[in-house]
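Asker: Okay, here's what each chain looks like letter by letter:
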Amino acid sequence: MMRDKRRYISILSSRPVAEPDRKRFESELYSAMMQQLGESEYFKANPKIAKFTGKDTFVLKVALDRYEHSIVALTFIKSISGKPIGLYTLKSSGTIRALEKRPATR
Amino acid sequence: MQFYDLAHPTALHGYLWKQLGFKRIAAAGTDVKTSLPGTRGIEGSICVGPAGEPLNAAAKQSPRAIIISDSRIDRKLLDTVKARNLILCIPFDRILSSQGLRRSSTIYLTSRLAKYAIKRGIRVSFVSMAGSEEALCSPVQLVELAKLLGVKEEYARNSVSVTNAELIE
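First to last, the protein sequences are chains A and B. For the first sequence, the residue numbers in my numbering are 1 to 106. For the second sequence, the residue numbers in my numbering are 1 to 169.
With the rest of the complex left out, here is chain A:
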């Protein structure tokens, strides 16, 4: 069976995503992305947080063919649970390992 091609995006948040609230942040991020992408595009993009890499950084996994839509959706998200937030996409790659090695702005 063919596996869907994925893209991993490294994201910096303007406010910390602290440990006890991570699950909540995750579900609120998904609903904010659904609001921006629309239900059908959200289903196709299928965004999932793959890894938290720091107190304000994480890696988001999205479908390769919806990568650009996902970046625009993340740019449009300006608040999560009523609090202002900025989500900055730093770099992206086909694997998490390559993402950790790759310099920014790719």
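If you're looking for bench data, these hints aren't it; they were derived computationally from the structure. Among the hints, a few may not be true.
[Said to hold, decoys possible] Pulled a few chain B residues facing chain A out of the computed Cβ check, cut under 7 Å:
| hint | residue |
| --- | --- |
| 1 | His8 |
| 2 | Leu20 |
| 3 | Glu133 |
| 4 | Glu134 |
| 5 | Cys137 |
| 6 | Ser138 |
| 7 | Val140 |
| 8 | Glu144 |
| 9 | Leu148 |
[To be verified] List time: in silico DMTMM-like cross-link candidates among lysine to aspartate or glutamate, alpha-carbon distance up to 25 Å:
| hint | chain 1 | residue 1 | chain 2 | residue 2 |
| --- | --- | --- | --- | --- |
| 10 | A | Lys91 | B | Glu154 |
| 11 | A | Lys83 | B | Glu134 |
| 12 | B | Lys18 | B | Glu53 |
| 13 | A | Lys83 | B | Glu133 |
| 14 | B | Lys23 | A | Glu68 |
| 15 | A | Lys78 | B | Asp74 |
| 16 | B | Lys23 | A | Glu100 |
| 17 | A | Lys101 | B | Glu153 |
| 18 | B | Lys60 | B | Glu169 |
| 19 | B | Lys152 | A | Glu41 |
| 20 | B | Lys33 | B | Asp74 |
| 21 | A | Lys48 | B | Glu134 |
| 22 | B | Lys115 | A | Glu68 |
| 23 | A | Lys91 | B | Glu153 |
| 24 | A | Lys91 | B | Asp93 |
| 25 | B | Lys119 | A | Glu68 |
| 26 | A | Lys91 | B | Glu134 |
| 27 | A | Lys61 | B | Glu134 |
| 28 | A | Lys44 | B | Glu153 |
| 29 | B | Lys147 | A | Glu39 |
| 30 | A | Lys51 | B | Glu134 |
| 31 | A | Lys78 | B | Asp93 |
| 32 | B | Lys23 | A | Asp56 |
| 33 | B | Lys18 | A | Glu68 |
| 34 | B | Lys60 | B | Glu43 |
| 35 | A | Lys78 | B | Glu43 |
| 36 | A | Lys5 | B | Glu154 |
| 37 | B | Lys147 | A | Glu41 |
| 38 | B | Lys152 | A | Asp65 |
Each residue gets a CB set at the ideal place from its N, CA and C atoms; glycine is no exception.
Following the hints, complete the assembly by docking chain B onto the known chain A.
Answerer: Chain B only, in chain A's frame:
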């Protein structure tokens, strides 16, 4: 490739710009002079105003760049911009601060302006013009927003790098 951006001083605290991967984010009004049509000090500044005769007159006074605040296509104004080799600066702040149908209409108008200007051979620069830290964008996001307007990736990357450098330095 090095990337540059322009934002309001209120968005620039600490070293976030470095984390985002920019070589520099200039502060509008302090690092780079901004002006309004019909006022003094237009020369060398970024002149911001709605399309029309006042902005056209300002474009003839050698500003560094112009921002058409209502994103309307004014052929006479764009002829002046082209003839004087000025930069047409497209800020994303209005797209990012609006929502729903208003955002959609802003994207449509901005997209028409950007595509028309590029077709005419005008140098177009894409900047965030963020008013707060949350409104800042990384270079990847600036390029993707430019692509959303219908600009080719290569042009968008070159604009955020070379044209923006020329705009702020």
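Asker: If a hint holds in the structure, say so; if it does not, say that too.
Answerer: Hints and how they fare:
With its C-beta approaching chain A no nearer than about 14 Å, His8(B) sits outside the 7 Å limit, and its interface hint is violated. Given the 7 Å rule on beta carbons, the hint for Leu20(B) holds: about 6 Å separates it from the nearest Cβ of chain A. Checking Glu133(B) against chain A: minimum C-beta separation of about 6 Å stays under 7 Å; hint holds. Interface hint at Glu134(B): satisfied, since its Cβ lies 4 Å from the closest Cβ of chain A, which is below the 7 Å cut-off.
The criterion of a C-beta within 7 Å of any C-beta in chain A is met by Cys137(B), whose closest approach is roughly 6 Å, and the hint holds. A distance limit of 7 Å between C-beta atoms decides the matter here; for Ser138(B) the minimum to chain A is near 4 Å, and the interface restraint holds. Interface hint status for Val140(B): upheld, as the beta-carbon distance to the closest one in chain A is roughly 5 Å, under 7 Å. Checking Glu144(B) against chain A by beta carbon gives a least distance of about 5 Å; that is within 7 Å, so the hint holds.
Look at Leu148(B): its Cβ gets to within about 6 Å of chain A, closer than 7 Å, so that hint holds up. At most 25 Å may separate the alpha-carbon atoms for a hinted pair to count; Lys91(A) and Glu154(B) meet this at roughly 17 Å. For the given pair, Lys83(A) sits about 11 Å from Glu134(B) by alpha-carbon distance, which is consistent with the 25 Å threshold. Our distance criterion of 25 Å between C-alpha atoms is broken by Lys18(B) and Glu53(B), whose separation comes to about 40 Å.
For the given pair, Lys83(A) sits about 13 Å from Glu133(B) by alpha-carbon distance, which is consistent with the 25 Å threshold. Note on Lys23(B) and Glu68(A): the hinted pairing holds, with a Cα-Cα distance of about 23 Å set against a maximum of 25 Å. The straight-line distance between the Cα atoms of Lys78(A) and Asp74(B) is roughly 32 Å, outside the 25 Å bound, and the hint therefore fails. Our distance criterion of 25 Å between C-alpha atoms is met by Lys23(B) and Glu100(A), whose separation comes to about 21 Å.
Of the pairs offered as hints, the one joining Lys101(A) and Glu153(B) holds, with about 24 Å between alpha carbons and a cut-off of 25 Å not exceeded. Under the criterion of a C-alpha separation no larger than 25 Å, the hint pairing Lys60(B) with Glu169(B) is consistent with the structure, at around 21 Å. At roughly 22 Å between alpha-carbon atoms, Lys152(B) and Glu41(A) fall within 25 Å of each other, so this suggested pair holds. Among the hinted pairs, Lys33(B) with Asp74(B) is consistent with the structure: their alpha-carbon atoms are about 24 Å apart, no more than 25 Å.
Under the criterion of a C-alpha separation no larger than 25 Å, the hint pairing Lys48(A) with Glu134(B) is consistent with the structure, at around 22 Å. Between Lys115(B) and Glu68(A) the CA atoms are separated by roughly 19 Å; this keeps the pair inside 25 Å, and the hint holds. For the proposed pair Lys91(A) and Glu153(B), the alpha carbon gap of about 16 Å is at most 25 Å, so the pair holds. Restraint check: the Cα-Cα separation between Lys91(A) and Asp93(B) comes to about 22 Å, which is no more than 25 Å; the hinted pair holds.
Between Lys119(B) and Glu68(A) the CA atoms are separated by roughly 24 Å; this keeps the pair inside 25 Å, and the hint holds. Between the alpha carbons of Lys91(A) and Glu134(B) the distance comes to roughly 18 Å, so the proposed pair stays at or under 25 Å and holds. Between the alpha carbons of Lys61(A) and Glu134(B) the distance comes to roughly 22 Å, so the proposed pair stays at or under 25 Å and holds. At most 25 Å may separate the alpha-carbon atoms for a hinted pair to count; Lys44(A) and Glu153(B) meet this at roughly 23 Å.
Between the alpha carbons of Lys147(B) and Glu39(A) the distance comes to roughly 22 Å, so the proposed pair stays at or under 25 Å and holds. As the CA atoms of Lys51(A) and Glu134(B) are separated by approximately 22 Å, the hinted pair is consistent with the 25 Å bound. Using a Cα cut-off of 25 Å, the hinted pair Lys78(A) and Asp93(B) holds, with the two alpha carbons roughly 12 Å apart. For the proposed pair Lys23(B) and Asp56(A), the alpha carbon gap of about 22 Å is at most 25 Å, so the pair holds.
Between Lys18(B) and Glu68(A), the direct Cα distance comes to roughly 23 Å. Compliance with the 25 Å bound is thereby established for this hinted pair. Straight-line distance between C-alpha atoms of Lys60(B) and Glu43(B) comes to about 9 Å, which keeps the hinted pair within the 25 Å bound. A distance of roughly 35 Å separates the Cα atoms of Lys78(A) and Glu43(B); the hinted pair therefore is violated under the 25 Å criterion. Our distance criterion of 25 Å between C-alpha atoms is met by Lys5(A) and Glu154(B), whose separation comes to about 24 Å.
For the suggested pair Lys147(B) and Glu41(A), the alpha carbons sit about 18 Å apart, so the restraint of at most 25 Å is met. The straight-line distance between the Cα atoms of Lys152(B) and Asp65(A) is roughly 17 Å, inside the 25 Å bound, and the hint therefore holds.
Checked against the numbered hints above, the structure breaks hints 1, 12, 15 and 35 and satisfies the rest.
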